[in-house]
Amino acid sequence: MIRALTTKRPEMTPFLLLTPALITMLFVVALPLVFSLWTSLTPYQLTKPQTIYSFVGLRNYTRLLTDPGFWIPFGRTVLFLTIALNLEFAFGLGIALLINKITWGQRGLRTIMMFPMMFSPILVGFQFKFIFNDNIGILNNALQSLGLTDQAIPWLVDAKLAMFSLLFAEIWMSTSVFAILLLAGLFAMPRDPLEAAKVDGCNAFQTFRHITLPFLMPFAYIAMTIRSLDVARAYDIVKVMTGGGPAGRTELLWTMIARTGYENAKMGQANAMAYISTVLSILFTWYFYRKLIAARRFMGGVQ
Amino acid sequence: MSAVVESRASKRAKSVALWIATFALMLVMCLPGLWVMLSGFRPNREILAKPPVWLPEALTLDNFGKIFGWGAEQIAIPVPAYFTNSLIIALTSTLIALAIGMAGGYAFARFRFRFKGGLFLGLMLFRAVPGVALSLPVFMLWSKLGLIDTKAGLIIVYVSLNVPFTIWLIDGFFRQIPLSLSEAAQVDGCTRWQAFWKIEFPLARSGIASAGVFAFLTSWNEFALASQLTRSTDSKTLPVGLLDFTAQFTIDWAGMCAMAVIIIVPALILTFVVQKHLIAGLTFGGVKG
Amino acid sequence: MAAITLEKVVKKYGALGVVHGIDLTIAHEEFVVLVGPSGCGKSTTLRMIAGLEDITGGLVKIGGQVVNDLPPRKRNISMVFQNYALYPHMNVRDNLGFGLKIAGQSPAEISKRVGEAAEILGLTPLLDRTPAELSGGQRQRVAMGRAIVRNPDAFLFDEPLSNLDAKLRGQMRAEIKKLHQKVRTTVVYVTHDQVEAMTLADRIVVMKDGHIEQVGTPMQVFNHPATTFVATFIGSPPMNLLPATISGGAVRLADGTAVPVPDRLTGHVRDGMAVLLGIRPDDISPVGHGLSQDGPGAEVALTVDLAEPLGMESLIYTRLAGQEVQAKLYGPRIVAPGEVLTFRLALDRAHLFDAATGKTVRAL
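One line per chain: the protein sequences are A, B and C, in this order. Take the first sequence: its position 101, counting from 1, is numbered 101 in the numbering used here, and each next residue is one higher. So the number in the numbering used here is just where the residue sits in the second sequence, counting from 1, plus 1000. So the number in the numbering used here is just where the residue sits in the third sequence, counting from 1, plus 2000.
Keep in mind that a hint or two might mislead.
Claimed, not checked - Pairs of lysine to any residue, SDA-like flavour, derived with a Cα cap of 25 Å:
| id | chain 1 | residue 1 | chain 2 | residue 2 |
| --- | --- | --- | --- | --- |
| 1 | B | K1011 | A | Q206 |
| 2 | B | K1011 | A | L109 |
| 3 | B | K1276 | C | M2090 |
| 4 | B | K1276 | A | T111 |
| 5 | B | K1151 | A | L26 |
| 6 | B | K1116 | A | I293 |
Just so you know, these hints were derived from the structure itself, not from any lab.
If we strip away everything but chain A, and leave its shape as in the complex, we get (with noise of 0.2 Å):
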């Protein structure tokens, strides 16, 4: 059938050959999401079924647009990814700039740079809340043996050091997105427009700031579009490092979703919050590919 499909009319062969990936995001993206729509506008909780079918409005979202104690965790996410994001490509740009000036085991380097990439948030979480202990962790540890404090440093346990310790874990995981996909940009570079500003007597950071930072952009735009993908995953690493506490004080938006929906059973209330989060990220997605997408048409289509 397939086949005299395709004989027949051969502009549905793509269509048909995307149908499973459709099916699949429909059923288990798109269908839940459109439940979880109707389930913020309901004061949905697990303990009482009777509840999804009372239909409130808006309700739960001017609820939490009102309520502080939604947005104080909303800023702190808010600036927790800015603060992140920031750093992870400042860091990933330096990186890749002196990854690119080694010339004896750059590849090994570079495998190495991808190993924080592919560890499970979770173990990274784990790994920096093992670091991070103030009772064992090597970090203390090594500075009261070397005498640099006498007591132990809370960590994860006073409030500003414990979102040190979060930006901490988070920058190490992803950094290694920018690095890579920067140094991919640099080995892609063409030499000629550099000898070009050299000739046209640019300096060392002219030539950096109008010749490679432009043409490293879409690489950093396809970094930042895979980055917006799963900006979430911060959620795993908080929920193993803090749990969002001490009281509270380092809750990100993630973490309060799961403790309402989950922890709290008030479901309507959660999918508001969920919705909120959603909305975000697909915005935050959505700028970048169309950033990226720009940036290569500007490029002419790097490669």
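Given the structure of chain A, go ahead and fit chains B and C onto it with the hints provided.
Showing chains B and C alone in chain A's frame:
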């Protein structure tokens, strides 16, 4: 003369600085993982010791023995079952995602059709839904369908989680193969189907394999959805199982580290095998034409 | 017998027309070259013959059979691609034998025919190499070997030489011609290079914007271009075209210079007609340094703007009736810019085109 000496000296200083920076970088990148792995081979009392024991006196496989129940002692956490679950779930979902992704990636790489850009973007945006956010409705639906705490339930979710990215990568790999190869094969007497399997597939094989590895690791590493959709040894995976340790009265750091080793090692090996292709796929695919 | 016939063949991508109804008959064993600038539809036409593009309208016949709905594999043709399209994961031997293997030939038969083809093309020592280990010219030969080994009804060549450097291109051109003499088969060859077209073709098909401008032997196309486009596309440097009007039996150029209407065209023009006088650089030469010294001609004094010495000849840029024209000087003589020379226009070899339609004023 002195200028030459000076520039040589400054060159050397530069290269020394370069090496120091690289070394520091590698230290930060490798040390945390290595420390965890090393601790997996140390007895718990050594980890807890005060003052700290820096050089392990003896490395031991006891922690692994306890986890897998080889020795006399076995811990209460059924790691072997989690390991089997992880393996079955990750492998199955990867194979299915690859089959779906190959069809879809080929469609994007080789055909022009209406809504092409929109469909591609749409797939990516679906992938962007945060795991926790998606877990809520999926949890509710799966409860109704009886898919909570089943391997099938998690496999279905992971397939859809992997399809967009698999398509992105495979699209990239097929794009690197000139269209004229398939055309030449068709002129040489192949059907399009034969041309695909005899020419395009063998050439994209290593790329497809690396997309498969990426999908496998995504499933292998996933936590947010798995932690809500699984309950028992029927379906719990390793990352979820890792948290079982924290529920115990005293934290068995050595046991956790040993379990971390079990999760890390496959990831390390697979990453090593495919790293080259993966970069090529990421930078080439997805957004052209 | 494998003649190829195109009847009113049309190709559209959505609303965009690429080929607008082409009629063409290619005889059995004929070497036909489709030539034209990029975007003229020549490659699309070839790919429709191959079955790699759907045919929007019209009929394509190979050996009398309509092949519109046949996939490439059922058309018994072979094709050499611009980038050679060698299978990178197979060695030369397997590349050559791939089509035979797909057709289910016995290993003995495959090995025999691959051996023969390799012998013809001098590929025997390279049979175990992979495409990556071959030079550009060798790859080209493997691609041709893959085409001949299957003994097809027709060879299709899609700009096969455009990836080679100039010297190799000349060599391969000669090899293709020799190959066609050895393996007599219908050939359709697409190129944008008029030199390839002139040297290889039994007949040239000049295309532009999805239309055929002219079909003819290389000499017909060169000596009797049907349109101003063909006139400027075939031949290098291109033919000069000078706007003029017919008045009193003479061709009057923009500045009033009058030259007589060539004898063979006198009956075909009328007074007041706007025309373009076409004359090749070879036919504008300083007196005593031209190709033809006799026959009807006109002499004008022109100032040399620039001369490019090429050894036994020089290309001269000058102005005639206010327009830049190129002229040729035969003989090893140095000319300086600013020099004023008397040029002879060989009018028996001049052309007149209707200024409105661009079509030749034909003496038929």
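Right, here's what the structure says about each hint:
Between the alpha carbons of B:K1011 and A:Q206 the distance comes to roughly 21 Å, so the proposed pair stays at or under 25 Å and holds. Under the criterion of a C-alpha separation no larger than 25 Å, the hint pairing B:K1011 with A:L109 is consistent with the structure, at around 22 Å. Distance hint between B:K1276 and C:M2090 is fulfilled; the C-alpha atoms sit about 22 Å from each other, no more than 25 Å. Simply put, B:K1276 and A:T111 have alpha-carbon atoms about 8 Å apart, close enough for the 25 Å limit, and the pair holds.
Pair hint B:K1151 plus A:L26 holds up; C-alpha atoms about 20 Å apart against a cutoff of 25 Å. Among the hinted pairs, B:K1116 with A:I293 is consistent with the structure: their alpha-carbon atoms are about 14 Å apart, no more than 25 Å.
Hint check: no violations occur; every hint is consistent with the structure.
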